[in-house]
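A.B. asks: The lines below spell out each chain.
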Amino acid sequence: MDDAQAVAQAQHAGGAPAPDRVVASADAVVKVYRMPGGTVHALRGITLAVERGTLLSIVGPSGCGKSTLLHLLGGVDLPTAGTVTLLGQPTASLSDAALARLRLRHVGFVFQRFFLLPMLTAEENVALPMMEAGVAQPDRRRRARALLERVGLAHRSQHRPGQLSGGEMQRVAIARALANRPALLLADEPTGELDAAAGWEIARLLREISRDGCAVVVVTHNTELAAIADRQVRMRDGTIA
Amino acid sequence: MRARAGLALAALLAAAIAGAVAAARTGAAPPRVAPAGPLPEVFLSDRTAARLGIREGDTLELAASPAGPWHLVRIARVYRPVLYPTDVALRGLDVRLHLPDLQALLREGDQVDSIVVRLRDPARADEMVARLNAVALGFRAYTSADLARRNSSTFEVISRFHRAISVVAILASSVFLAAIMTLRGEELRRQVGVMRLIGISRRSVAAAVLLIATGVALLGSAVGIGLGYALSAAINVYYRRAFDTTILFSQVTPALLGLVAALSVALGIAAGAATAWRLLHRPPLDQIGR
Ligand SMILES: Nc1ncnc2c1ncn2[C@@H]1O[C@H](COP(=O)(O)OP(=O)(O)OP(=O)(O)O)[C@@H](O)[C@H]1O
Ligand SMILES: [Mg+2]
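Which chain is which? The protein sequence lines are A and B, in order. If you want our numbering, it's the position in the first sequence, counting the first as 1, plus 535. Oh and the second sequence: position 247 is 242 in our numbering, straight run, nothing missing.
FYI, nobody ran anything at the bench for these hints, they're computed from the structure. As the structure is a computational prediction, the values presented were derived from the model and not from experiment. Be aware that one or more of the hints could be misleading.
What the hints assert, rightly or not - Distance windows between CB atoms, simulated:
| hint | chain 1 | residue 1 | chain 2 | residue 2 | range |
| --- | --- | --- | --- | --- | --- |
| 1 | A | L613 | B | E181 | 25 to 31 Å |
| 2 | A | S630 | B | A225 | 51 to 57 Å |
| 3 | B | R273 | A | D747 | 53 to 59 Å |
We treat Cβ as the ideally placed atom computed from N, Cα and C, and that holds for glycine.
Modelling step: build the complete structure from the supplied sequences, incorporating the hints.
C.D. replies: Dropping the structure here:
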């Protein structure tokens, strides 16, 4: 990506990204779902850059394409037109397996409904991505414990998700997302199922994580969370408003 | 010769041989054979003794036919016979006599169809059979194992039937297992979707699904084996009481256990492989249920 492009994106997003700080970017991205019942234009030309060390919030009415954009940025799905670049590589040019590797090592996901594996303990859930990445057992154990401590759950490391509250499960999910020291953390309504206090706890954590140098993108309806972001992107009907 | 000694000492003829059926005497007395000397001694099975209401030391009159002549005998012992499974449901009376007494009763001096020889050392049965068949003309010796094999075509059928039942049962339970996996599939699908979203490779996900399926199958076969043992014990208790015998009616053999465990694990792995294949061929985003 050249500087002129980066500047153009910066203007779109309302900030001033330095190219070497850009972790993921979307360039004129269109996403169309073709279905028997008709065609849905989920994204209609989005240009956006996500930088290291910033917390970016995406807000907008339901169905405007927030989750779709998040999935494209994370390399879970591919654009119909335009380019998504993740860590310098256009996602459309990568194989399924290469995308999976990229996600494993560089992208962390946090979901509204936590999606922890119920059979595993908190510590095992956090250790899972490290195991897949080939981190040695003592190291991943140590790191899983450190991450759980960081989210304030050191004492619950041997508990299974069923034994944790929603806020606790979400903090375990955040610890799991951070397992392989990702450059990009994507959170889709991470406070959606939590009460105000637990939601605030999550917001504070995401804030901290971005301060530590991670690029954090959070889709949220939570105004407090949106307000503490470094940048706020408003979407409407598949475009940035 | 040892065989002859065995005969003289312990050869008791199964009274099931035609005609030698004990009849408790009632009504007017037909001709009676009065013994000169001590009464011949007979053995009575416990079931027969119970039905006739008599005990060791009592006397009994036997005849080869209702017309007589009647022979007075003394019950030397009431014993509990080892029954063949075929005899379990039979309710006839039976009595065991010494060979000369039986011949006197039947008045058929040399007309014995078969005699049972109990050996001191059953391990040498084959050798003994070979020797008997080599020395004697006019009869043929068999080991009891041979006889059982010759007479057990019914058992063969029944045991095949049983095996078929267990295979059908195993298949049915595997279908059940597969159904559980599919029902749990909603949960499993989401988990697979999440694992793939966070970048776990297809291979690792498939391995995890297979592991889960194998675990479920192993657990299922453990439960099934436990159930099998319990059922088998219950069947034995019930039929042993019903037929008043010590015969083992149902047995869980190691071979059967092996078959069950192998089958259910194989089916579990197959079900897991099918599930994994199905789950891995759909986009992960569709699986987490947005
Ligand atoms: N797999 C799909 N197939 C068809 N249409 C889809 C699919 N995924 C999303 N859409 C459609 O794309 C549009 C954007 O969906 P998206 O999930 O990105 O919205 P959103 O902004 O996240 O909404 P919400 O706030 O309710 O989560 C919606 O109209 C949705 O129905
Ligand atoms: Mg959404």
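A.B. asks: Confirm or reject each hint.
C.D. replies: Okay, the hints, checked on the actual structure:
1. A:L613 x B:E181: 25 to 31 Å: Taking Cβ atoms as reference, A:L613 and B:E181 lie about 26 Å apart, which means the hint holds.
2. A:S630 x B:A225: 51 to 57 Å: Once the Cβ atoms are compared, 53 Å apart, the range 51 to 57 Å for B:A225 and A:S630 holds.
3. B:R273 x A:D747: 53 to 59 Å: For A:D747 against B:R273, whose Cβ atoms are near 40 Å apart, the range 53 to 59 Å is violated.
Checked against the numbered hints given earlier, the structure breaks only hint 3 and satisfies all the rest.
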